[in-house]
Amino acid sequence: MKPNFGVVVFPGSNCDYDAYYVIKKIFGFEVNFLWHKDKDLQKSDIIILPGGFSYGDYLRTGSIARFSPIMQSVIEFAQRGGIVIGICNGFQILLEAGLLPGVMLKNKSLQFICKDVYLSVANSETVFTKDIPTGKILKVPVAHGDGNYFTDENTLKELVVNKQIIFQYSSKDGEVTEKFNPNGSAMNIAGIMNKEGNVLGMMPHPERCSDSVLGKTDGALIFNSVINNFLIEV
Amino acid sequence: MIQEPRVDLPLALEHGLTEQEYDRILKILGRTPSFTELGIFSVMWSEHCSYKNSIALLKTLPRSGGRLLVGAGEENAGLVDIGDDFAVAFKIESHNHPSAVEPYQGAATGVGGIMRDIFTMGARPIASLNSLRFGSLKNAHTRFLFEGVVKGIGDYGNCFGVPTVAGEVYFDESYQDNPLVNAMSVGIVKKGAVASAVAKGAGNPIMIVGSSTGRDGIHGATFASEEISEKSEAKRPSVQVGDPFTEKLLMEATLEIIKQGWLIGIQDMGAAGISCSTSEMSAKGEAGMKIDLNKVPLREKGMTAYEIMLSESQERMLCCVKKGYEDKVKEVFEKWDLHCEIIGYVTEDGNLDIDYDREKKVVIPSFELVLGGGAPVYHRESKKPAYIDELRKFDFNSLPEPEDLHDTFLKVFSSPNIASKKWVYEQYDSMVRTNTIVGPGCDSAVIYLKDINKALALKTDCNSRYVYLNPKEGAKIAVAESARNVVCSGGVPLAITNCLNFGNPYKPEMYWQFKEAVEGMGEACKYFETPVTGGNVSFYNESMNTAVYPTPTIGMVGLIENLKNITTSYFKNENDLIYILGEDYEELGGSEYLKAIYDKVEGDAPGLNLETEKKLHDAVLSLIEKKLINSAHDVSEGGVISSLAECCIINENNLIGAEVSIKIKSRKDFSLFSESQSRVIVSIAPAAKTEFENLLKKIGQKFELLGNTGGEKLLVNKLEFALEMLADIYFNTIPRIMNE
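Protein sequence lines correspond, in order, to chains A and B.
Going by our numbering, the residue at position 106 of the first sequence is 106; the numbering climbs one at a time, nothing skipped.
Going by our numbering, the residue at position 707 of the second sequence is 707; the numbering climbs one at a time, nothing skipped.
Hint data in this document are derived by calculation from the structure and do not stem from the laboratory.
There may be inaccurate statements among the hints.
To be verified - Derived DSSO-like pairs: lysine-lysine, alpha-carbon spacing no greater than 30 Å straight-line:
hint, chain 1, residue 1, chain 2, residue 2
1, A, K172, B, K713
2, B, K190, A, K25
3, B, K383, B, K713
Said to hold, decoys possible - So the derived list for chain B, only partly shown, Cβ under 8 Å to chain A, looks like this:
hint, residue
4, C159
5, Y170
6, H339
7, Q427
8, S430
9, R433
This one's a predicted model, so the numbers in the text were calculated from it and none came from an experiment.
Cβ atoms here follow ideal geometry from the backbone N, Cα and C, with glycine treated the same way.
Can you make the complete structure from the sequences, with help from the hints?
Structure, rendered in structure tokens:
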């Protein structure tokens, strides 16, 4: 079955069209924009919360977006096991909405950072990573001011035990150390999922590296994996 | 009720108007202006809005023809045909004075302002560039300004969602108290869907949309039209405050409405706010406008008509709506949670007619206020400054030849002017909208155009030391170098926008610099067939001590029809052959070498032969078209040795060494660091050698084999440099200074 995608548009989302373009033009699947004031998910099978600065992010990143009408539907959808992917600001919104544990602090450098980073896949047995070749280190760009993932010791332990950590910042050879951590995040965390395995939040932008015209395509591996595996019971 | 000040000559002078100008106002109105009217005249006739001291010369530039769809000055930005029914709109603008006193907001609102100029034409901004100049980085205040400006540009552009893809940053003492912050935006639009900044058709409603109007930025345009002094600090309230989130909503709503065809015209509010947009739109439509200021949504209570008319609150637009479509327009703005109020309507009498609190505040013929209408036009006195001949007397042979060329090169290469600006551009989102094929760090940025499967090559450029030493030649070089950068990326130069940053035009020496630079720029633009689509003039870039170097920044747009032609600066393979195209004349005037080693800015600018330069462009483009070269990088600051080092290390993830021998003309240091123009370093596969050389011989392009790529070192004549060390200097010089 071909999945239907929904890309949520908050005021201030600015990677919404990028995600839409990749799904529509690169993969050729149905995709709809989901307006923040609506509640209708338009029969989406997979929902993307895109990057950007929802509501300007003048308060705390993602903190207002979670109160929007569409998010009430997204939360219910996720609780029913629907696949939700939050990218960058989308990840921040998932944290604020309580769909994923933890919080996002300002980058350790206190500066916005935009560059390609390398990601090592910490759990290959997920909807999001199953079809990524084993041992493959992904080159994916980050672009954020608040990507310094933080949570308490116990939650961190739980994330490890439950294999909820999906992506970690690493060297191009997969070495996960502080040297390759662009923002100071706990355990070099770049992406985590919920315990149930249907909600992924990640700071790097796979939609920015899925079109071969741009000379990098590792992001497509993640979308591909989701497309091939979204029907598998999680 | 606050009593308005009595209007007389002293008050007019205080507003920056001259006696002559005040007399003209009296004559136009046939009476003494009201306080609000005086304010409106003062901002509309300020240098910033009227271009009164520059327009006569600007008109000598090639400003139409070729692919230009809209001539310079006709709309908010220039418009160039890129085929397949699409056009590119682009413009560069300065925000120097605000950034000098409030670097963060000054730079941020500079970005916001130029973005509005683009989307008000119906074009969606797809890329942003900038050109920044500061004093010496050794100075703590410079670091404060530098940090604030970069953060301001980043925060605004990142949130707004347009990638910042290229630019330049220079450091020189001449900019110590007066930094330059020039921002450029590039957008694309379907040819039939371009919006105009016009109001016409009596009875059509006028709407104000976006943010409410506050007291911020009052007299910003006037502030920008005077020199910076110790009093400038007190002008901080003249600096506007930016809100990129609101601007993002404003853009989405505006583009949606323009597409629907419900508008007669639309203009953003930048300098001089409501005064400028109402008078310019109605003058363009040869119409008048009746406005009730009580309808304008205000941010604070008790604002006077004067304040409302002069406020430069950001993120506002003025729309002239087709009668009957008001509700539809309102609906879209409300969908995006934006204010939208009808504040008046178009009239036939040609007057800007403004009421507030049931009192008539303004009746001025719109035409009299605007550039091309009644705004004054001056030809100023010009005089060649004495320093020019003085500096040209400099005898380069009097310089001691450095004993250790190895260390000398490292010193030159450590100059923040040459070092990578990664510290800057990593703070900018350079990839949002997923069109960035070549981001910051190469000769020019390359941006994909999804709609038509082509790409744009974009670059800003100006070496102001050259312009200081020789304004005419320096300005030519600025055009030539930006074109060369675009060519090295595989693009055909299309057109330019310019941001002319100069000193006080009332000083004959300053005006001479301006005049000469405009002449040189015009010559080069004509020769390369890259017309000037518009831009911005920023005078009064002076402070207590000195004027800045004359800095005519060029923003060049090139077109890449075939994506396979996209070329980057850095070496790709081991064992490729390295060639240099062009010739060296051992020119060191205004060079980075002279500044970094001897702390001098002397001599004459390098010479530029337009024919030679154009031939080089044609040669490089032919080589690219025929797939004969693997990389192309121009020779600029720091000479051939610096450019070679850059070719080895710009691609941080794949350093490739080189072994070359450079022909020495008279002195080693001269040949290695000479900044002779019209030169490009290319690398080619050994198998392509014959075809490559034959093609160049046929064209008559001078070239020379320098050596080959490979290894982990750069070997230049007998000098040896480890790539790791060069990369460390290149990428970490600025972070080290900033993290100290």
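Hint check results:
1. A:K172 - B:K713: holds, 23 Å
2. B:K190 - A:K25: holds, 20 Å
3. B:K383 - B:K713: violated, 51 Å
4. C159: Given a least distance of 4 Å, the restraint on C159 of chain B holds.
5. Y170: violated, 21 Å
6. H339: violated, 14 Å
7. Q427: It holds, given that the least Cβ distance between Q427 of chain B and chain A is near 5 Å, below 8 Å.
8. S430: Given a least distance of 6 Å, the restraint on S430 of chain B holds.
9. R433: Given a least distance of 6 Å, the restraint on R433 of chain B holds.
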